[in-house]
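First to last, the protein sequences are chains A and B.
For the first sequence, my numbering begins at 7 and goes up steadily by one.
For the second sequence, my numbering begins at 7 and goes up steadily by one.
A few of these clues could be false.
For identical chains, the list gives no copy identity; a pair is met inside one copy or between any two copies.
Derived DMTMM-like pairs: lysine to aspartate or glutamate, alpha-carbon spacing no greater than 20 Å straight-line [claimed, not checked]: (1) Lys8 - Glu296; (2) Lys33 - Glu300; (3) Lys12 - Asp192; (4) Lys220 - Glu37; (5) Lys220 - Glu318; (6) Lys33 - Asp55.
It should be emphasised that the hints constitute simulated quantities derived from the structure, not laboratory data.
2 protein chains.
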Amino acid sequence: LKVDGKAYRTIWVADDGASVAIIDQTKLPREFAVASLATLDDAAAAIRDMQVRGAPLIGVTAAYGLCLAVAADPSDANLARASDLLEATRPTAVNLRAALERMRGALERVVPSERAVVAWALAAELADEDVAQNRFIGQHGLSILEGLRKARREDRPIQIMTHCNAGWLATVDVGTALAPVYLAHDAGMSVHVWVSETRPRNQGAFLTAWELAKHGVPHTVIVDSAAGHLMQRGDVDIVIVGADRVTRSGDVANKIGTYLKALAARDCAVPFYVAVPSSTIDWAIDDGREIPIEERDADEVTHIARIRLAPENSGARNIGFDVTPARLITGLITERGICTPSRESLASAFPDR
Amino acid sequence: LKVDGKAYRTIWVADDGASVAIIDQTKLPREFAVASLATLDDAAAAIRDMQVRGAPLIGVTAAYGLCLAVAADPSDANLARASDLLEATRPTAVNLRAALERMRGALERVVPSERAVVAWALAAELADEDVAQNRFIGQHGLSILEGLRKARREDRPIQIMTHCNAGWLATVDVGTALAPVYLAHDAGMSVHVWVSETRPRNQGAFLTAWELAKHGVPHTVIVDSAAGHLMQRGDVDIVIVGADRVTRSGDVANKIGTYLKALAARDCAVPFYVAVPSSTIDWAIDDGREIPIEERDADEVTHIARIRLAPENSGARNIGFDVTPARLITGLITERGICTPSRESLASAFPDR
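One chain only, chain A, in its complex shape (with noise of 0.2 Å):
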């Protein structure tokens, strides 16, 4: 995405070799700044307080975090201590454990000497793996977009609702639920998104918006509230959301709203996606209550930049992810096409898993 006429990724390798650096997302909207990772811990703590976010991203910077702890010290010790340390951050998403299984397998088989080097190019691997993975998303959320207009006979926009951010700042680059209406927007379809605001810490608002403002692409902020309300009017042709992780039958967790949402688009016959690499299916897990749900500091709920919204003495819980049963998804557009939410689809979809 460009930002200003200059075209960038969300994470890189800095021009020193040594260090990454990332978009620090959390001073989005309001500022656009870019961080500095320069150790192990400096990438825990991104990931940790959420200066990126989004399971795909995750997954990188988790990669670029075990370079830098490589680069440092590339003992077998160190190595298990990072990619435990990194593995902790964040429970939800799959990403993050596959990037570092890939990583970590790949690091065992060279001797502590060679470690680093490995480490930076497959680091690099991963984050154009998630570049080419997204554009083939992008592609195949494209043609469902197309198969909506066509089947249209207005000539209005096509209403597209997401939730949380999915897009080009959950990954390194394109972004995944995001990746098909950027598509079509560049192709000179007439697009316009429903940004759900995504309590409590309103990446829709500051994130989403501003990935689609900055893109041009037409769509307005909603409360999560509203979701069901502007499907039963008929002002929503096609959800699409991204996920955290994914189980092999296709349940699918994703940011705390997701169910609800696929609840009215089932009830009011609205079309349901789920846009993922192939990187957030966990083939460990059948059912989605098996998947381990974050639950992040009250706080978050009761105050919103340092102003308590809540009562001092009223407790909140805050609950980070929901699980959208597989009978609630109409697809799940994977870099291999759009397959059902069911574990033979998904089997044969990804035969070399």
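Use these hints to put chain B onto chain A, whose structure you have.
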């Protein structure tokens, strides 16, 4: 409800007998402030700016607004003008229109010189009627909670979820959806309330949490998006919400987001009740889609406490209410008992309407 040891209603005639006192709800939870309404315009502004809100309280405030109007000028022309002004303040709650129709009907039957006396008496009657109806709603709702407790083996609290504020602050006293909760708590039943923050104006976090805390009822604030997840995990025994308008066939317009909670309740087999005095039933409408839905300033979505949340160049929509179809509702808790949401059941409970 008692505030710091003193019993309050949310609206009452001031000691001077010529003005009306209200609790200014825009200042809660930070400040408990009483505001004075001395003129018709004060009353209209209090409703429009949501110093008072909640369908039953809006109705009674409008009635008192008409008192202030006819005390100043009891002419036919002023009565009509005042009534029109008050009716235009907010569109969705039918209680407003119902209260104004009753007031106007009574006042038109007497000569102008007697109107002020009749108006003050009838407004007081409407206020007392609201309190009495809510006490009945509380009793009928309590029987549902007792049934849930008996059906349960373990000794954990009954988990009640609500949305927005349908408590003491939404009525003259007692509340609608929260009336059974207060009665249950006072009777020694162990209850816990999930308080949905209710974006964009946060009436859950600001008002419901505040009044539950004042009364000592255990509760937890959640983001609106978390409702489905908690029901999936078995953490909700019953949902009880209020309503702004119920059609004669049982469709319910209530604060935006109610429909999503009803969908999740149905999907998770959680009973979903709507607590309403019969003044909230619109006997002229069958289909919920005919109910006018208020849309408010986009600023309420894009800003909080004057801090802008969404980017400058992102628009927003601020739809105030949504409609939950009768098919998703377990029962309507009215002052005459629990009705199934159907034309027949409602008509037979209120043959005298």
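Checked hints:
1. Taking identical chains as interchangeable, the C-alpha atoms of Lys8 and Glu296 are never at most 20 Å apart, the minima being 39 Å within one chain and 45 Å between chains.
2. In this assembly of identical chains, Lys33 and Glu300 lie within 20 Å of each other by CA distance neither inside one copy nor across copies; the values are 22 Å within and 34 Å between.
3. For the homomeric pair Lys12 and Asp192, the shortest alpha-carbon distance inside one copy (17 Å) is at most 20 Å, but the shortest distance between copies (64 Å) is not.
4. When the C-alpha separation of Lys220 and Glu37 is checked against a cutoff of 20 Å, the pair qualifies only within one copy, where the shortest distance is 13 Å, while the shortest distance between copies is 40 Å.
5. Taking the shortest Cα distances, Lys220 and Glu318 sit within 20 Å of each other only across copies (11 Å), while inside one copy they are farther apart (39 Å).
6. For the homomeric pair Lys33 and Asp55, the shortest alpha-carbon distance inside one copy (12 Å) is at most 20 Å, but the shortest distance between copies (33 Å) is not.
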